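Trainee: Assemble chains B and C onto chain A, guided by the hints.
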Amino acid sequence: MDFSTALQIFFSGLNLGSIYTALGLGFFVVYSVTRVLNLAQGEFVMLGGMLTVSFYTMGIPLPASIALAVVITGLVGAGFYRFIIYPARNASGATKVFLTLGFSFIIEGVALRVWGWEFRILPAFLDTPSIQLWGATIFGQTPWVIGITLLMVIGLFLYFGRTIQGKALRACANEPLGARLMGISIERMALFSFILAAGLGAVVGALITPLTMTSYSMGLPLAAKGLLAAFVGGITRAEGVILGGFIYGMIEAITAGVIPGGYHNAIAPLILVVIFLSRRRGLLVTAGKG
Amino acid sequence: MKANLAGIRTVIMPRRRRERSTDDTRLLEVSNVSKSFGVLTVLKKVSFSVARGNILVMIGPNGAGKSTLLKIISGLLPLAEGEIWFKGQKINGMTPHQTAALGISQLFQDIQLFRNMTVVENVMVGCHLQAKTDFMSSGLRLARARVDEQSIFEAAMKQLSLVGLREKASSPPGSLSWGQQKLVGLARALATGSELLLLDEPYSGLLSDEVDKLNQLIFELQSQGMTILIVEHLTDILMGIASQVIVLDYGEKIAEGTPIEIQKNKRVIDAYLGGEQLEDEGS
Amino acid sequence: MLANTRVIKEIPKRVATAKRQNLVLALFAIVLLTIPLGASPYPLTVMVDIGLYSIITMGLIMLMGLAGQISLGHAAFVGCGAYISGILTTKYDFDPWPALFLAALITGGIAAFIGRFMFKLHGLILAGVTLALNLVFYHLVSSLIDLTGGAMGMMSIPPLSLGPFTSQNLFFNYYLIWIIAILLLIFSLNLSDSRPGRALRALNVHAGGSEDAAQVVGVDVTKYKVWVFVLSAVYASLAGSAYAHYTRIIEPGTFMVQLSAMVALMAIIGGRSSPWGAFLGAGLIVGLRQLLRESIPVLVGGLSGSYELIAYGIILVVALLFMPQGLISIVRRAAPRKRAVLDES
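Chains as they are written, first to last, in my numbering: chain A, 52 to 341; chain B, 326 to 608; chain C, -10 to 334.
Source of the hints: derived by calculation from the structure; they are not laboratory data. All values derive from a computational prediction rather than experimental measurement. Don't be surprised by glycine CBs; every beta carbon is placed ideally from N, CA and C.
Taking CB as the label site, the calculated pair distances span:
1) 277(C) / 459(B): 32 to 40 Å
2) 312(A) / 154(C): 37 to 45 Å
3) 276(C) / 133(A): 27 to 35 Å
4) 111(A) / 363(B): 49 to 57 Å
5) 233(A) / 277(C): 43 to 51 Å
6) 233(A) / 365(B): 24 to 32 Å
7) 53(A) / 142(C): 33 to 41 Å
8) 226(A) / 111(C): 15 to 23 Å
9) 226(A) / 280(C): 42 to 50 Å
10) 303(C) / 233(A): 31 to 39 Å
11) 279(C) / 221(A): 45 to 53 Å
12) 276(C) / 405(B): 53 to 61 Å
13) 140(C) / 215(A): 49 to 57 Å
14) 133(A) / 140(C): 33 to 41 Å
Straight-line C-alpha distance at most 25 Å; calculated BS3-like pairs for lysine-lysine:
15) 212(C) / 415(B)
16) 212(C) / 457(B)
17) 538(B) / 493(B)
18) 370(B) / 591(B)
19) 415(B) / 370(B)
20) 591(B) / 369(B)
This is chain A alone, in the form it adopts within the complex (with noise of 0.2 Å):
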């Protein structure tokens, strides 16, 4: 392999693991506050991008669609946790997880009646398609993707770490009973929790749209996959979902470099369920279930 093709796996890689993080971030936002695993995460991807779409061939410009699209997909996410989620707290995790998989449908639905079949497209960013760098291509969307994933990272870094309520979110987590003592309202984080995982996902719709097309399905499979990433590398830690999704993005890129048709879409993910379950939790995790 030369050394242009490598680049360009990396560079790919990068890509992908930017996506796959942001991703699995959405989800380690809202499983670390409230221990549901919201698999609806995919659609507020898909309402991200839709959305931005729409709003841009109405003629708004592209920064201001954006903002709208997140906007509009952080109120779904209130609405999600206020009318579905917020009412059945009491029941079991298992019973979370299949009322986020009742949501997707309905929001699946919803995008399939409003904006129907067909795929949709956004330009790039950069308004070019393409960059070359020491040869290798590049799209013109990754140093976008790039750039927006690290600043997303580092912003819910200095958040949580940082902030009284980032702190308080991470308290609700760790300990619900010992935060609700101090005066932190459960509730309140918990909301808090989905309106910015639905606009962390927003935001990764929007910046994915250049590059892989958008259409009413692909909400599921993409939450299969921010899973995935999230588990193998620790869906407690948010440095577990960073390793995790940067691993998934390598994996894929290199797969799909080196074999030739589309066999890497299996067989990335089957090798990161096998590192999985070789470990049985995830690679940063050090004890108990992950």
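Mentor: Coordinates of chains B and C only, in the frame set by chain A:
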């Protein structure tokens, strides 16, 4: 007429054979067992042995590692160091269902009855090892499966009668009092046909007449050859029952002997008066 | 030979709820087997769909309701049955009947292999892994173009035949699928109230069981979980194979996460605790689908009509929020059944 607990098991379920060990005196041997949870050392080189037919009571302040030791013996928790021998066979590393098959049964402190089935069904699960019907023969309702099912039911009912709860057979476990639930848990443990019974704080939460009843049952079991290992931190009652007492403190065995010897042991008194009273009313 | 008869006589005989259940079963079978005599073709095709879904859902109910494990990827097993049957009959000239059984066997084997590793995991993680495995299956099938025809699908799968009838014939197909469904129903019902069935319920932590307590009385928890997983996979495979020989064309998209979610939906709505719930759930959802298709113009067939999707989602949410036991519990309240009833006075 007091029915023979052990006898019923071999009579109604003739398929189950009880292996006798070669060394008849020491049924259970615990040797240098240590266990830590992270940086917390819960058990430190604990060693003792239990003779067949004896009742060994393990006492000690809370947190001394007693419950953990029971779980290690039955296989629910792995040990970090040491060995455990049962009927001459090394059992550390075995899973709980394997030790159950060898003849060890356990009653948890919180009982953990199966709330999604009736009382008698709980005990029927206890009879699990007494039959071998698998998925296919049950699904197809072969004759053998039907026969087994009837036998299991009858064995379970018998077990329930022996703890005096036959009329509660088709009740849900939640409708029973705590003391009654304990007895069901005991019946379930006994239904396995075990030779060694591990009781984790069996007296906790019992009213005084229930305590008497449990004592009675324990004596009866012993007279039929059952070996019993009881963990408690209630000390006064058990002096009447125990053939052998072991005291644990901070994971170490600090004393071993007959009840009388233990009562006079200075180290034991220090351990208890240092943190807790010697006579507890209950947990 | 069995026991001391004097002791036995003192124990009341176990009154089987089986008597009433057998009656219901017989009625159910009779009704189902006589429907085709008076019905027109279209309702029959709908009934065939219900039958197929019921079979898959029954397997899932055993996994979820009895043993309390989640699988969000069961469509993969349906697909295994369908594709293995298809491959054996089109590429290797197998006869459809042995192919059906072989497919079930192989699918069961795959489930056994995966299960050994998976059931060391707990609840929610299982959901995620099964979801991912469904994805893997889909992509695997789409890529192995030589073997499976890829995304375009596999065609010209020969029909099952018995004498002069083939599964091209709607009546034959109806009877085939419903007889399988009823037989599997009997199997499942037998299983619920038996030693393995109790062992499964005992380890079902969601429903009030306890894995630890089950272990210490001798239940090999992992082995049982794997076995019920295998069983549910076999059910799914049988439905998949029957489907393949019925429609004679299969494509990977049918066996994606949407199908897994659908059968999970049917299992939940029908009631996770009893195999009867499978028919209730499948009947309801398919019935709803028909209703929607007839009254509202639909954009596309299959699972993706938009109103259908929305309706399924709403039903799932409503069912979980307000009827966590499923519809079966409403039926039960009308006709309570008791377990291990004593006829003592």
